[in-house]
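K.L.:
Sequence:
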Amino acid sequence: MTVAVEEDLGLFGPGSVTWRVHIEPVMWVAGFRALLLQSLEPRVMRGTYQNSALFDPAKAWARFQRTVEFVGTRTFGSTADVERVAARVRKLHASLRGYDPDTGETFRLDEPANLLWVHATEVESYAHIALRAGLVDTIDADRYLAESVRAARVIGLIDAPSSREEMADYYARRRPDMRMTDEARRATMNLFAPKGQAPTAVKIAVPTIATLAVATLPRWARRCYGLPGLPTTDIGATLALRALRTATGVLPDVPAPPNIERARRLVRGLSA
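Just so we're aligned: 174 in my numbering is position 173 of the sequence shown, and the numbers increase by one with no gaps anywhere.
Derived by calculation from the structure, the hints in this document are not laboratory data. All C-beta atoms, glycine included, are put in the ideal place defined by N, C-alpha and C. Any given hint could be a false lead.
Said to hold, decoys possible - Derived Cβ-Cβ restraints for the label pairs, each shown as a range:
no., residue 1, residue 2, range
1, PRO259, THR68, 14 to 22 angstroms
2, PRO229, GLU8, 47 to 55 angstroms
3, ILE205, PRO259, 40 to 48 angstroms
4, THR107, PRO177, 21 to 29 angstroms
5, ASP160, ARG85, 19 to 27 angstroms
6, TRP221, ILE140, 22 to 30 angstroms
7, VAL72, ALA194, 22 to 30 angstroms
8, ALA248, SER96, 40 to 48 angstroms
9, ASP178, ARG266, 40 to 48 angstroms
10, GLY250, ARG91, 47 to 55 angstroms
Let the hints inform the model, and build the full structure from the sequences given.
P.N.:
Written out as C-alpha coordinates, the structure reads:
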(Lines of atoms letter the chains of each structure in order from A; the text may use other names.)
(Lines give C-alpha, C1' and ligand atoms only; values in the text may rest on other atoms or scores of the structure.)
Protein backbone atom coordinates (compact mmCIF):
# COMPACT_ATOMS: atom_id res chain seq x y z
CA MET A 2 0.00 0.00 0.00
CA THR A 3 1.37 3.41 -1.00
CA VAL A 4 0.88 6.27 1.45
CA ALA A 5 0.58 9.71 -0.12
CA VAL A 6 3.05 12.22 1.31
CA GLU A 7 1.63 15.71 1.70
CA GLU A 8 3.69 18.33 -0.13
CA ASP A 9 5.52 20.77 2.10
CA LEU A 10 4.36 24.22 1.01
CA GLY A 11 6.33 26.20 3.57
CA LEU A 12 5.00 29.21 5.42
CA PHE A 13 2.10 30.08 3.14
CA GLY A 14 0.75 27.97 0.27
CA PRO A 15 -1.49 28.53 -2.79
CA GLY A 16 -4.51 29.60 -0.74
CA SER A 17 -2.59 32.48 0.84
CA VAL A 18 -2.74 36.10 -0.24
CA THR A 19 1.06 36.09 0.01
CA TRP A 20 1.52 33.65 -2.85
CA ARG A 21 -1.11 35.41 -4.95
CA VAL A 22 0.64 38.75 -4.50
CA HIS A 23 4.25 37.62 -4.85
CA ILE A 24 3.87 35.88 -8.19
CA GLU A 25 2.97 39.23 -9.81
CA PRO A 26 5.75 41.11 -11.69
CA VAL A 27 4.41 44.50 -10.52
CA MET A 28 5.77 43.60 -7.08
CA TRP A 29 9.22 44.65 -8.28
CA VAL A 30 7.98 48.20 -7.67
CA ALA A 31 7.16 47.23 -4.09
CA GLY A 32 10.67 45.89 -3.57
CA PHE A 33 12.23 49.18 -4.62
CA ARG A 34 9.71 51.14 -2.55
CA ALA A 35 10.75 49.11 0.49
CA LEU A 36 14.43 49.89 -0.13
CA LEU A 37 13.64 53.61 -0.35
CA LEU A 38 11.74 53.55 2.94
CA GLN A 39 14.38 51.43 4.69
CA SER A 40 17.02 53.95 3.63
CA LEU A 41 15.35 56.71 5.65
CA GLU A 42 16.07 55.00 8.99
CA PRO A 43 19.56 56.28 9.86
CA ARG A 44 20.79 53.25 11.82
CA VAL A 45 19.43 50.76 9.32
CA MET A 46 20.98 52.69 6.45
CA ARG A 47 24.35 53.15 8.13
CA GLY A 48 24.53 49.53 9.25
CA THR A 49 23.76 48.43 5.71
CA TYR A 50 26.21 50.87 4.16
CA GLN A 51 29.03 49.85 6.49
CA ASN A 52 28.56 46.11 5.99
CA SER A 53 26.88 45.40 2.67
CA ALA A 54 28.29 44.73 -0.78
CA LEU A 55 25.25 46.51 -2.21
CA PHE A 56 27.35 49.67 -2.42
CA ASP A 57 30.29 48.03 -4.20
CA PRO A 58 29.62 48.15 -7.97
CA ALA A 59 31.68 44.98 -8.48
CA LYS A 60 29.57 43.01 -5.99
CA ALA A 61 26.21 44.79 -5.88
CA TRP A 62 24.38 42.65 -8.45
CA ALA A 63 25.38 39.35 -6.84
CA ARG A 64 24.40 40.73 -3.41
CA PHE A 65 21.04 41.90 -4.74
CA GLN A 66 20.41 38.48 -6.30
CA ARG A 67 21.05 36.80 -2.94
CA THR A 68 18.47 39.07 -1.32
CA VAL A 69 15.91 38.23 -4.02
CA GLU A 70 16.66 34.52 -3.57
CA PHE A 71 16.12 34.80 0.18
CA VAL A 72 12.73 36.46 -0.26
CA GLY A 73 11.78 33.85 -2.85
CA THR A 74 12.76 30.96 -0.60
CA ARG A 75 11.07 32.49 2.43
CA THR A 76 7.88 32.98 0.43
CA PHE A 77 7.72 29.83 -1.70
CA GLY A 78 10.22 27.38 -0.22
CA SER A 79 9.62 24.29 1.90
CA THR A 80 9.75 24.54 5.68
CA ALA A 81 13.26 23.07 5.72
CA ASP A 82 14.48 25.46 3.02
CA VAL A 83 12.99 28.46 4.84
CA GLU A 84 14.69 27.51 8.09
CA ARG A 85 18.00 26.87 6.32
CA VAL A 86 18.19 30.30 4.67
CA ALA A 87 16.74 32.05 7.72
CA ALA A 88 19.35 30.50 10.02
CA ARG A 89 22.08 31.69 7.69
CA VAL A 90 20.70 35.24 7.66
CA ARG A 91 20.19 35.31 11.44
CA LYS A 92 23.77 34.13 11.98
CA LEU A 93 25.15 36.72 9.57
CA HIS A 94 23.19 39.61 11.09
CA ALA A 95 24.20 38.58 14.61
CA SER A 96 27.86 38.89 13.65
CA LEU A 97 27.64 42.38 12.14
CA ARG A 98 28.02 45.76 13.83
CA GLY A 99 27.39 49.31 12.74
CA TYR A 100 28.61 52.69 13.98
CA ASP A 101 26.29 55.63 14.58
CA PRO A 102 28.25 58.92 14.24
CA ASP A 103 25.34 60.87 15.75
CA THR A 104 25.62 59.10 19.11
CA GLY A 105 29.09 57.54 18.96
CA GLU A 106 27.50 54.14 19.60
CA THR A 107 28.33 50.80 18.06
CA PHE A 108 25.20 48.75 17.50
CA ARG A 109 24.17 45.29 16.37
CA LEU A 110 22.51 45.01 12.98
CA ASP A 111 20.03 42.54 14.42
CA GLU A 112 18.67 44.97 17.03
CA PRO A 113 14.91 44.27 17.11
CA ALA A 114 14.09 47.88 16.18
CA ASN A 115 16.25 47.62 13.05
CA LEU A 116 14.84 44.23 12.04
CA LEU A 117 11.29 45.45 12.56
CA TRP A 118 11.77 48.54 10.38
CA VAL A 119 13.21 46.46 7.54
CA HIS A 120 10.45 43.86 7.85
CA ALA A 121 7.61 46.37 8.21
CA THR A 122 8.62 48.51 5.26
CA GLU A 123 9.02 45.43 3.08
CA VAL A 124 5.66 43.83 3.77
CA GLU A 125 3.79 47.14 3.94
CA SER A 126 5.20 48.00 0.52
CA TYR A 127 3.99 44.69 -0.93
CA ALA A 128 0.52 45.18 0.55
CA HIS A 129 0.41 48.82 -0.53
CA ILE A 130 1.42 48.20 -4.14
CA ALA A 131 -0.87 45.16 -4.43
CA LEU A 132 -3.79 47.29 -3.24
CA ARG A 133 -3.07 50.22 -5.56
CA ALA A 134 -2.40 47.94 -8.53
CA GLY A 135 -5.78 46.27 -8.04
CA LEU A 136 -4.42 42.86 -7.07
CA VAL A 137 -6.17 42.84 -3.70
CA ASP A 138 -8.88 44.70 -1.80
CA THR A 139 -8.52 46.14 1.70
CA ILE A 140 -9.63 42.89 3.35
CA ASP A 141 -7.00 40.87 1.50
CA ALA A 142 -4.37 43.54 2.17
CA ASP A 143 -5.03 42.99 5.89
CA ARG A 144 -4.87 39.23 5.36
CA TYR A 145 -1.51 39.65 3.66
CA LEU A 146 -0.11 41.61 6.61
CA ALA A 147 -1.48 39.06 9.07
CA GLU A 148 0.24 36.28 7.10
CA SER A 149 3.49 38.26 7.02
CA VAL A 150 3.95 37.88 10.79
CA ARG A 151 5.15 34.35 9.99
CA ALA A 152 7.95 35.86 7.91
CA ALA A 153 8.83 38.24 10.75
CA ARG A 154 9.30 35.34 13.16
CA VAL A 155 11.64 33.65 10.69
CA ILE A 156 14.18 36.48 11.06
CA GLY A 157 13.93 36.50 14.84
CA LEU A 158 11.12 38.95 15.59
CA ILE A 159 8.54 37.97 18.19
CA ASP A 160 5.76 40.03 16.64
CA ALA A 161 5.05 42.63 13.96
CA PRO A 162 2.15 44.81 12.72
CA SER A 163 -0.53 42.48 11.35
CA SER A 164 -3.03 44.87 9.74
CA ARG A 165 -3.10 48.13 7.81
CA GLU A 166 -4.28 49.94 10.95
CA GLU A 167 -1.43 48.54 13.06
CA MET A 168 1.05 49.37 10.30
CA ALA A 169 -0.21 52.97 10.10
CA ASP A 170 0.21 53.30 13.88
CA TYR A 171 3.73 51.88 13.66
CA TYR A 172 4.70 54.30 10.87
CA ALA A 173 3.27 57.21 12.87
CA ARG A 174 5.47 56.26 15.84
CA ARG A 175 8.62 55.87 13.74
CA ARG A 176 8.09 58.76 11.34
CA PRO A 177 9.84 61.41 13.51
CA ASP A 178 13.05 59.32 13.40
CA MET A 179 13.20 59.22 9.61
CA ARG A 180 15.53 61.49 7.68
CA MET A 181 17.93 61.63 4.77
CA THR A 182 21.57 60.75 5.49
CA ASP A 183 24.61 60.89 3.24
CA GLU A 184 24.48 57.08 3.08
CA ALA A 185 20.86 57.20 1.93
CA ARG A 186 21.77 59.66 -0.83
CA ARG A 187 24.45 57.31 -2.12
CA ALA A 188 22.06 54.36 -1.94
CA THR A 189 19.42 56.25 -3.92
CA MET A 190 21.94 57.15 -6.61
CA ASN A 191 22.78 53.45 -6.98
CA LEU A 192 19.09 52.59 -7.35
CA PHE A 193 18.62 55.00 -10.21
CA ALA A 194 21.89 54.22 -11.97
CA PRO A 195 22.88 50.57 -11.40
CA LYS A 196 26.47 49.79 -12.32
CA GLY A 197 28.79 46.84 -12.32
CA GLN A 198 27.77 43.34 -13.37
CA ALA A 199 24.00 43.85 -13.67
CA PRO A 200 22.66 42.69 -17.06
CA THR A 201 21.99 45.41 -19.62
CA ALA A 202 18.23 44.79 -19.51
CA VAL A 203 18.27 45.35 -15.74
CA LYS A 204 20.23 48.57 -16.10
CA ILE A 205 17.62 49.81 -18.56
CA ALA A 206 14.55 48.74 -16.55
CA VAL A 207 15.63 49.62 -13.02
CA PRO A 208 15.56 53.45 -13.30
CA THR A 209 11.95 53.31 -14.55
CA ILE A 210 10.89 50.94 -11.76
CA ALA A 211 12.70 53.04 -9.15
CA THR A 212 11.06 56.24 -10.41
CA LEU A 213 7.61 54.68 -10.12
CA ALA A 214 8.53 53.37 -6.65
CA VAL A 215 9.40 56.92 -5.54
CA ALA A 216 6.00 58.14 -6.72
CA THR A 217 4.27 55.51 -4.58
CA LEU A 218 6.03 56.56 -1.35
CA PRO A 219 4.01 58.18 1.45
CA ARG A 220 4.00 61.96 1.06
CA TRP A 221 6.15 62.41 4.19
CA ALA A 222 8.78 60.05 2.71
CA ARG A 223 8.82 61.89 -0.62
CA ARG A 224 9.46 65.11 1.30
CA CYS A 225 12.39 63.44 3.08
CA TYR A 226 13.86 62.86 -0.37
CA GLY A 227 13.34 66.52 -1.21
CA LEU A 228 10.39 65.85 -3.51
CA PRO A 229 6.91 67.39 -3.40
CA GLY A 230 4.21 65.29 -1.73
CA LEU A 231 1.40 66.23 -4.08
CA PRO A 232 -1.95 64.41 -4.40
CA THR A 233 -1.56 64.48 -8.20
CA THR A 234 1.56 62.32 -7.83
CA ASP A 235 -0.51 59.75 -5.94
CA ILE A 236 -3.16 59.65 -8.66
CA GLY A 237 -0.60 59.33 -11.43
CA ALA A 238 1.29 56.57 -9.61
CA THR A 239 -1.88 54.55 -9.08
CA LEU A 240 -2.80 54.81 -12.76
CA ALA A 241 0.73 53.77 -13.73
CA LEU A 242 0.59 50.74 -11.42
CA ARG A 243 -2.77 49.65 -12.86
CA ALA A 244 -1.39 50.00 -16.40
CA LEU A 245 1.77 48.06 -15.51
CA ARG A 246 -0.23 45.27 -13.92
CA THR A 247 -2.45 45.03 -17.02
CA ALA A 248 0.56 44.98 -19.34
CA THR A 249 2.43 42.28 -17.42
CA GLY A 250 -0.75 40.22 -17.19
CA VAL A 251 -0.83 39.66 -20.95
CA LEU A 252 2.89 38.95 -21.36
CA PRO A 253 4.47 35.49 -21.01
CA ASP A 254 5.85 34.65 -17.59
CA VAL A 255 9.48 35.49 -17.01
CA PRO A 256 11.42 32.27 -16.32
CA ALA A 257 11.74 31.74 -12.57
CA PRO A 258 13.24 29.23 -10.09
CA PRO A 259 11.30 25.95 -9.68
CA ASN A 260 9.62 26.97 -6.41
CA ILE A 261 8.16 30.10 -8.02
CA GLU A 262 7.08 28.20 -11.14
CA ARG A 263 5.32 25.72 -8.83
CA ALA A 264 3.62 28.57 -6.97
CA ARG A 265 2.35 30.09 -10.21
CA ARG A 266 0.91 26.74 -11.29
CA LEU A 267 -0.76 26.04 -7.94
CA VAL A 268 -2.21 29.54 -7.46
CA ARG A 269 -3.61 29.65 -10.99
CA GLY A 270 -4.96 26.12 -10.65
CA LEU A 271 -6.74 27.11 -7.46
CA SER A 272 -8.20 30.21 -9.12
CA ALA A 273 -9.43 28.15 -12.08
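K.L.:
Hints first: check each against the structure and report whether it holds.
P.N.:
Each hint tested on the structure:
1. PRO259 <-> THR68: 14 to 22 angstroms: Check passed, 19 angstroms falls within 14 to 22 angstroms.
2. PRO229 <-> GLU8: 47 to 55 angstroms: Since PRO229 and GLU8 have Cβ atoms about 50 angstroms apart, the given range 47 to 55 angstroms holds.
3. ILE205 <-> PRO259: 40 to 48 angstroms: violated (27 angstroms)
4. THR107 <-> PRO177: 21 to 29 angstroms: holds (24 angstroms)
5. ASP160 <-> ARG85: 19 to 27 angstroms: holds (23 angstroms)
6. TRP221 <-> ILE140: 22 to 30 angstroms: At roughly 26 angstroms between Cβ atoms, ILE140 and TRP221 fall inside 22 to 30 angstroms, so the hint holds.
7. VAL72 <-> ALA194: 22 to 30 angstroms: With a Cβ separation near 23 angstroms, VAL72 and ALA194 satisfy 22 to 30 angstroms, so the hint holds.
8. ALA248 <-> SER96: 40 to 48 angstroms: holds (43 angstroms)
9. ASP178 <-> ARG266: 40 to 48 angstroms: holds (43 angstroms)
10. GLY250 <-> ARG91: 47 to 55 angstroms: violated (37 angstroms)
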